[in-house]
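**Student:** Residues per chain are reported as follows:
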Amino acid sequence: MALNSLLITGLLLSVLTFFLTKINKKLGSYFTIFSTLFVLIFLFGYMNDVGTVFNLGSFGGFSLQLVSSNYGWFFSIIMVLTYFLVSFFNPYWIEKMVNPASYNMLYVFSVVSTLGIFFAKDFLTLFIFWEMVVWSSLFIIPLGKSRKASVVYYTISTIGSFSMFFAVMYLYSLFQTFDIESISQNLISSPNTAVMAYFAIIIAGLAKLGIFPFHTWLPIAHGNAPHTFSPVLSGGLVKMGAFIALLVSAIIPTSQIFSNHIRIIGVPYENYIIMVLGAISIIVGTLMAIKQEDAKRLIAYSTVANGGYILIGISLLDQVGFAGGIMHIFNHAMASAAMFLAIGAVAYRTGTTNMNELGGLIKKMPVTFAAYLIAIISIAGIPPTSGFASKWLIFQGLASKGLMFIAFATFFGSIGSFMYVFRPLATVFLGQLSPKHKDVKEVPFMMQIPMLVMSLLTIYFGVFPSEMLGFISKIQASLNIVPISVEGSKIYSFSGMWDSLVITVAFVIGFIIAALIFYTHKKAQPVDQMNTYTSGEFIYDPESYHYAKNYYAPFERLYKNHPSVEKFYDVIALRVNEFGRLVRSWFFSSNASVGVFWISVIITIAFFWGDKI
Amino acid sequence: MSYLIAFMIVFIGFLWQVSLDGIQRKVTAKIHRRVGPPWYQTFMDIFKALSKSSITHGFIYDFGVMMALGGTIATFMFLPFGNIVAFNGLDNFFVVVYLLAIGSLGMAMSASGSGNAWAGIGIMRALTQMLAYEVPFMIVVFGMIHVYGTSSLSELAHVQQMNGIFGWHIFTMPLGAIVAFISLLGMLSKVPFDTPIAPTEIASGPMVEYGGKHFGMLILQHEFATLVEVGLFVNLFLGGGNLIEYLIKYFFVYTLVTLIYAVSARFRIENVVTFFYGVPIVLSLVQAAIVIFTGLGVNV
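Residue numbers (the numbering used here), protein chains in the order written: chain A, 1 to 613; chain B, 1001 to 1300.
For the record, the hints were derived by calculation from the structure and aren't laboratory data. Careful, some of the hints might be misleading.
Sample of chain A residues at the chain B side, in silico, Cβ under 8 Å [stated by the list, open to error]: (1) A426; (2) L501; (3) T532; (4) R557.
Simulated DEER-style distance windows between Cβ atoms [claimed, not checked]: (5) N480(A) <-> F1007(B): 56 to 64 Å; (6) W1016(B) <-> L516(A): 17 to 25 Å; (7) Y533(A) <-> Q1041(B): 21 to 29 Å; (8) I159(A) <-> F1007(B): 55 to 63 Å; (9) Y533(A) <-> H1032(B): 21 to 29 Å; (10) A2(A) <-> F1059(B): 46 to 54 Å; (11) L501(A) <-> W1016(B): 51 to 59 Å; (12) F1252(B) <-> N550(A): 39 to 47 Å; (13) F1252(B) <-> S478(A): 49 to 57 Å; (14) S544(A) <-> T1294(B): 52 to 60 Å; (15) F579(A) <-> N1271(B): 44 to 52 Å; (16) I273(A) <-> I1248(B): 34 to 42 Å; (17) Y533(A) <-> S1051(B): 38 to 46 Å.
Just so it is clear, the structure is predicted and the values come from calculations on it, not from any experiment. Where is the CB? At the ideal position from N, CA and C, for every residue including glycine.
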């Protein structure tokens, strides 16, 4: 199916979903699985298709066009795959939705609209579809816990959208075209315009990717969105920001345009500024994630930190670091979606995502636990999962350029991620099982499917990262970057190589040795959860024995009085609010005499100076 | 073939480290003016623990112990042991550091799986301490990797041998060596950085529930982790060398660690973090900056 008809069909499917859900809630939800699968299957055919142009529609002198490209395909396949897998959760949550029909419709609508962004040939198409995605997700978020969340989301998203819109219109007034390729050709000869365009457009990407100082919407929106939408928000939609970053730094070739600009440690200062923002996001995201008591907010802050990795990787624009950044998009999509799904599964059975109310669920929900475990191993970047591959490549990229301050942030975030990902593992799944959860069961098999598939993909691309890096090298070649060198399961970088297969085999051997030692010795005697050493205290109540609240209290105390950009935003919001109240009390007062006063003022002005205004 | 060499390294490493551990107990005893146990005491401890009956708190409790030992053994296979490298080219610094985390994660998981609150506190402290010591250490090595263009540990050891004894990084990059040595104390969880274990405060923390074969395996895990951690320092700062030289250097580093921990008192956990994020992190950044921007102390 041609790409433009796929897009149109997908949008029609979303309308069909709406009416099907009106007829029967369950039917409509199953139809979201079908619709996303439909898009996924047809999209797969475009894997090696590059440069075919599709016309979406024309009006006046403008036409909306799509063009197939390998980076567009890479992003869209991740997006649709995440949506498809998460949609297996929809039938079980739909009963709890306030407005199921519009939820299902917007769900399909938002994923299909993203195709328009990733395959856009011109900025106009990109902007139109960008807004479509923003608006559809805007209406889904308040279906969860909070309406205020979507206000915050929209405010920050709008800053980015306006900035991008301004830049696109300005570029149009200069070059009389929206076409991305001809704009980038024109920009090469005018680097000063390019600096402005680079920053103005990338703000939209930063806002979407949750980069400091625009990260504040993520914990609010991810934490309050419906449990079925948080995974796609974090795993999928956030990656649109990464695409914008890729668009303005690689597709518009900044390494070429900025080549004569001031360099900081061998990197043009424009790209370095963006990298510094990524580094700050890593540190802020890590420190804030460590503090959270709510599992969903914790994962949202980890998304902020991982967005920093992706941004740094992309901004490096080199052989290995860039490949790592691109690969991290996939890894983080799978891992964070799996984490959100696991927490969603827990919430489905227990009704809470607050970590200190849970505990000991491993015996009740083993599959969910396994999915969560594999996801966090990937987030923490431990072999043999795919998270290690991308982090290793990003470290190599940084080491080859010697960017030590950025590297400091990435190391900090990488080690810090052990701390925050371990917390839900210990407090939700391990530890003491509360008696009120003693009847909790594993989620239905259909809800286990996405978690299992995501875990398998994470491990598969961890053992065979070269399968994906092969494709990424094609992306690099098409963007005029030296492609990453891969040979079998070996991956080469400037400082040597590594072979994920050998590492996995060695790990398996090590594990076998340990298992042999374990199983050849005397069998252990199982004991009850409460039967543990308590220093002579008598504790009969599992809840008070479970160590979950204020988990990292001694560490949190160290940065208790940290400066916060939220407070700054709150001050601005307060001022805007005050101004609004001022306007209201002056112009829209319920007191009749105020109205009469303004009417008489206006009449007086019109009478005396009306002809001059 | 390389797997066979790996097995051999694991076996020699086990014999060496466990005997050395016994000797260190003797050294500590001399400082404390005690007699101390015989040098083979740690062997006896391990085999006694393995042969005793134990308790289990469920699947994850067992699985975590196996993952801890298995992951640490796998890590040790990749470390250059003297001039023996089992997997050529794979002795990558980042691979070693991250594989070592498998062991820590396994142990953390297992200890939390016991459901003991003391274990939970111990794990919290261990992870916090890890954030403290890893970052300065990695920055120092980051500078090294940048200037030599290799992250292979055996090659980093090799470049130091070219200028004789004064080519060792401990002399050419003294600030980095100081940071790495302090980080090594943190990695080994020895006093003054034994906060996660702290027997007098949190009843041995992660270890509180273990006995019998589980405990024996965790002692083994600790020995292999020590092999990796001290080995990293010897390879990165003392120039590695052939097997005999390597073992001698290893012995001196480990004894120095023992001398320090035999006479120190314990840090509190927040003090560990503030300590590492004070002087050592500044020193490590200064060292990395010197190496990257001036090339001073780099062997050519």
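**Student:** Compare the structure with each hint and give your call.
**Tutor:** Verification of the hints:
no., hint, in the structure
1, A426, "holds, 4 Å"
2, L501, "violated, 11 Å"
3, T532, "holds, 4 Å"
4, R557, "holds, 6 Å"
5, N480(A) <-> F1007(B): 56 to 64 Å, "violated, 47 Å"
6, W1016(B) <-> L516(A): 17 to 25 Å, "holds, 22 Å"
7, Y533(A) <-> Q1041(B): 21 to 29 Å, "holds, 25 Å"
8, I159(A) <-> F1007(B): 55 to 63 Å, "holds, 59 Å"
9, Y533(A) <-> H1032(B): 21 to 29 Å, "holds, 27 Å"
10, A2(A) <-> F1059(B): 46 to 54 Å, "holds, 52 Å"
11, L501(A) <-> W1016(B): 51 to 59 Å, "violated, 29 Å"
12, F1252(B) <-> N550(A): 39 to 47 Å, "holds, 43 Å"
13, F1252(B) <-> S478(A): 49 to 57 Å, "holds, 54 Å"
14, S544(A) <-> T1294(B): 52 to 60 Å, "holds, 58 Å"
15, F579(A) <-> N1271(B): 44 to 52 Å, "holds, 47 Å"
16, I273(A) <-> I1248(B): 34 to 42 Å, "violated, 50 Å"
17, Y533(A) <-> S1051(B): 38 to 46 Å, "violated, 22 Å"
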